[in-house]
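Okay, here's what each chain looks like letter by letter:
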Amino acid sequence: MKAEPLRPVITSRQLLYLMIATTFPTEALLLPSPIIRSFGKDALWAILGGGIVAILPLLLTLFVLRRQKAETLTASLQRLGMFGKVVPVLFAAAAILALVNIWASFAQLLRVDLLARTPAWVTTFTADVAVLYGAVGGPEVVGRIGEILVPIVVLEVPMLFLLAIPWLDPIHMLPLLPKHTLSLSLGVYEVFTFLAEISFAIYFASFVRDRQGIARALWIALGVNTLMLLLTTALPILMFGCEHAGLLAVPTVTAVRAIHYGFLVERLDAFLAAPWAAFVIVKLIIWTVFAAGILADAFGPRLFRWTIWASTIVASAVSLSLPSLGDVDANLWAVWYETGAPLALIALVVAAAGVRRGRGGTARA
Amino acid sequence: MAAWTQPDVRLEEIITQARVVIGGLSIQDTFSGSLDADVAALRMQVEPSDDIVFRQVPGAPTACVLVYQRGCADDKALGASVLGHLRQGETQALPGAGTAATCAEAAHKLFAGDVLLLQEGVAQALTFTLSARLPGDQPQVERVIRGPHQAFTPDLYQNIALLRRMAQHPLIRVEILPLPQNHRRSFAIAYKAGEAPLSVRADLLRRLSHVTVDNIVDVTALKPFLADDPYSAFVNVQLTERLDTAALAVLDGRFVLFAGDAAQVLLLPATLIEMMNSPEDLYLPRYIGDMARALRWGSAFVALLGEAIYIAITTLHQELLPTPLAFAVARSRAGVPLPVFAEVLVMALIIEVLREAAIRLPNSLSQTISIVGALVIGQAVVQAGLISAPVIVLVAVVALASFVIPQYEIAIIVRLLRFPAMLAAVILGLYGIALYGLVLLLHLCRLRSFGVSYLSPVAPMHTGQMQRILRVPLHWYRKPQAT
Chain A
8 MKAEPLRPVI TSRQLLYLMI ATTFPTEALL LPSPIIRSFG KDALWAILGG GIVAILPLLL
68 TLFVLRRQKA ETLTASLQRL GMFGKVVPVL FAAAAILALV NIWASFAQLL RVDLLARTPA
128 WVTTFTADVA VLYGAVGGPE VVGRIGEILV PIVVLEVPML FLLAIPWLDP IHMLPLLPKH
188 TLSLSLGVYE VFTFLAEISF AIYFASFVRD RQGIARALWI ALGVNTLMLL LTTALPILMF
248 GCEHAGLLAV PTVTAVRAIH YGFLVERLDA FLAAPWAAFV IVKLIIWTVF AAGILADAFG
308 PRLFRWTIWA STIVASAVSL SLPSLGDVDA NLWAVWYETG APLALIALVV AAAGVRRGRG
368 GTARA
Chain B
71 MAAWTQPDVR LEEIITQARV VIGGLSIQDT FSGSLDADVA ALRMQVEPSD DIVFRQVPGA
131 PTACVLVYQR GCADDKALGA SVLGHLRQGE TQALPGAGTA ATCAEAAHKL FAGDVLLLQE
191 GVAQALTFTL SARLPGDQPQ VERVIRGPHQ AFTPDLYQNI ALLRRMAQHP LIRVEILPLP
251 QNHRRSFAIA YKAGEAPLSV RADLLRRLSH VTVDNIVDVT ALKPFLADDP YSAFVNVQLT
311 ERLDTAALAV LDGRFVLFAG DAAQVLLLPA TLIEMMNSPE DLYLPRYIGD MARALRWGSA
371 FVALLGEAIY IAITTLHQEL LPTPLAFAVA RSRAGVPLPV FAEVLVMALI IEVLREAAIR
431 LPNSLSQTIS IVGALVIGQA VVQAGLISAP VIVLVAVVAL ASFVIPQYEI AIIVRLLRFP
491 AMLAAVILGL YGIALYGLVL LLHLCRLRSF GVSYLSPVAP MHTGQMQRIL RVPLHWYRKP
551 QAT
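Protein chains in written order, with my numbering: chain A, 8 to 372; chain B, 71 to 553.
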């Protein structure tokens, strides 16, 4: 039996699962509705395009990781003085915006689709407890939980497709080619901002023990994320058609609900949606650890717990104060691709420029 | 961010590792005939092994040293049957006498229970057997159908000798621990040199040095002192009475902790996966062993969440049930005054009371009382219309499932943890159960047992150790790397 090193470390396999867990719950539950509503059947082309464009931030992330080697991002930016602190702040700001976004969407998902009779403060408070408990454990705990849960919840998607075969109607996919090029490019951008979350590996990769596996993990993660988003968006389109699927708050859950078994259990929706919903908590934990960790790296370890508490309380409070899903979900999504994602992308570019300059400076010195 | 502290053990590790390497390669492997050199060579081969006695024989015609395991021979037995012969120079008269030409062979025979005699001027070790067979008790708690039926005895040195004989490995080391705070009881650890992580040894010694109380009458009382997380309900050491379980653990690179004259030992580090395995899995054909393991995990799931899922479905997710089943449940509940949650809770508590009563009663009564109690109470509450029949069935199935868990401590924890699960189910339905499961998993992910993740080899995943979960064909077997 092997005793493990005492400082927090994760494996490249855990990094892969972390990067899938960062996006999967949104793919499964929250994202299909706004993109089907906005782009109709073109949403599938938008996802494909977004997946391809997301290779750019992936390459940039790999560039930064290669430059910073075994250091944390903050350590490798330290040579740039105050400028080096800007990157963690930008990343943390993007993460906190994302947290507010996810908290709000998630709370309303519970209110509207899963637990209509349970008071919102109860669901929010219980989720708060889970997020705080998980986030305080740091990257190592998050890596392990991802390693256990990701394969289970991801495998639910192909299983769903198999179960839904009698209800699928390929006619809904016709015509295959995209109709509106302009709206498609907007769709590509929106999906790209979502899949660009892969750049958050910049923080978690510094904990990876087997560094040669990082690049492979990130490529696989991007591929899996794109594929999962394609499947979870295609399922409701194939079942209900674009017009109807776009009107649904959580099309995947509605799709599962439409499948009747009549054997032992009538439907599987709550059985499938409950683990997914709990998996959103994992996503919240990952983003919280990211925001708190990157700030703690830059400004001192004491900030870690404070940021966890503050971001969780603020994000859940905002989510409690928002009105019902139908009014705000599109705006919530827009908060990410108009504000959060550009912040993260700017941070990534600055980080790339920074590590390049920092390394060069060291070499010259 | 979680932070862990540990004393600096690097120097100690290097020294011990060097001794292991020297011992393993054996600088002088053959006996030279010089008594001092031969004793030194043998010491190098077996040490650290505090259970091995090197004893000079006074009054013998030539200088000689007896080497034996303390658990296999004592002064009385030696005095009665050996010393007399030696003083008269009658080595041929010793029982079952043989020879060992090399140190390695001598060590092998020594660990198998033989007594060695090293003599001045003789370039080999004389070996003889003092006791034909070491006593071993029958396991009382961890019983199996196939496999060895041998348990530890209430004697420290005999237990060490039994372990050595079962494991049959020359690199097994035994250390008697000096615990100045606890003079009256002896502690010992056994481990396989070169495979057991020495950081665990150092950590164990540090924790044992904190044992300041005198009321340690059994090895189980050490658990609080060894805990990684004092607030966790999960145990981080595995208690066993079975000799083969301990021997396999030692060969696997784990530590065995003996305490005083306890007939049980502690194995550490202990992971959840290890504690869900039964020794019998290895003695059964592969597929049957794997099926037993899967059944055990399924039973643990039912024991933990069976009642909670019933509560969630009948309270908040009735739409999941097919109509005939929903009607059947509704019919059985007609007239029951309690809500489902209270029904299940009351019956679960009754079962717990019955179980506790059965433990406290004398053996002759306990079985009768528990069966009569369960039948009478079950029948009566259904007839009185207080509890519905499906709940009786459910609680009985859950109770049965909890008995399948092999480690008693884990079974107790599962029984305890199902009550919060019921509460989560009645408040938040299936989502609550999923959330509760997530928090439980997070807790397990945070736990460590002496530096080893509690969920190892699943998280973090060690593909080389997956045979702990699923047995693979022997030619696939990859031994875990030594640390």
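To be clear, the hints were calculated from the coordinates, so they are not data collected in a lab.
Yeah, the Cβ is synthetic: ideal placement off N, Cα and C, and Gly gets one too.
Among these hints, one or two may not hold up.
[Unchecked claim] Derived coverage of chain A by chain B (criterion: at least 3 residues anywhere in the stretch with Cβ under 8 Å from a Cβ of chain B; other residues may be distant):
#	segment
1	115-129
2	203-210
[Said to hold, decoys possible] Only part of the chain B face toward chain A is listed, based on derived beta-carbon distances under 10 Å:
#	residue
3	L395
4	A396
5	A400
6	R403
7	I497
8	G499
9	Y501
10	I503
11	V509
12	L511
13	S523
14	L525
15	V528
16	P530
17	M536
18	Q537
We went through each hint and held it up to the structure:
Under the rule that three or more residues need a Cβ within less than 8 Å of chain B, the assignment of the segment 115-129 of chain A holds, with 6 such residues. For a cut-off of 8 Å, the count of residues in the segment 203-210 of chain A with a CB near a CB of chain B stands at 0, and the three-residue condition is violated. Look at B/L395: its Cβ gets to within about 8 Å of chain A, closer than 10 Å, so that hint holds up. Against a cut-off of 10 Å between C-beta atoms, the interface hint on B/A396 holds, since the closest Cβ of chain A lies about 8 Å away.
Evaluation of the B/A400 hint against chain A yields a violated restraint, the C-beta minimum of about 14 Å exceeding 10 Å. At its closest, the beta carbon of B/R403 sits 18 Å from a beta carbon of chain A; the interface hint therefore is violated under the 10 Å criterion. The interface hint given for B/I497 is met, as the beta carbon of that residue sits about 7 Å from the closest beta carbon of chain A, less than 10 Å. Hint status for B/G499: holds, given a least beta-carbon distance of 6 Å to chain A, under 10 Å.
A distance limit of 10 Å between C-beta atoms decides the matter here; for B/Y501 the minimum to chain A is near 5 Å, and the interface restraint holds. For B/I503, the suggested interface contact is upheld, since its CB lies about 7 Å from the closest CB of chain A, less than 10 Å. Of the supplied interface hints, the one on B/V509 holds, with its beta-carbon coming within about 5 Å of a beta-carbon of chain A, less than 10 Å. Contact between B/L511 and chain A, as hinted, is supported at the beta carbon level, the nearest pair being about 6 Å apart and thus within 10 Å.
The interface hint given for B/S523 is met, as the beta carbon of that residue sits about 6 Å from the closest beta carbon of chain A, less than 10 Å. Interface restraint check: B/L525 against chain A, minimum CB-CB distance 6 Å, threshold 10 Å, status holds. Because the beta carbon of B/V528 sits about 6 Å from the nearest beta carbon in chain A, less than 10 Å, this interface hint is met. Annotation: interface hint on B/P530 holds; nearest CB of chain A at approximately 6 Å, less than 10 Å.
A cut of 10 Å between beta carbons decides the hint on B/M536: the least distance to chain A is about 13 Å, and the hint is violated. For B/Q537, the interface hint is violated, the least distance from its beta-carbon to any beta-carbon of chain A being 13 Å, above 10 Å.
Hints 2, 5, 6, 17 and 18 from the earlier list are contradicted by this structure; the remaining hints agree with it.
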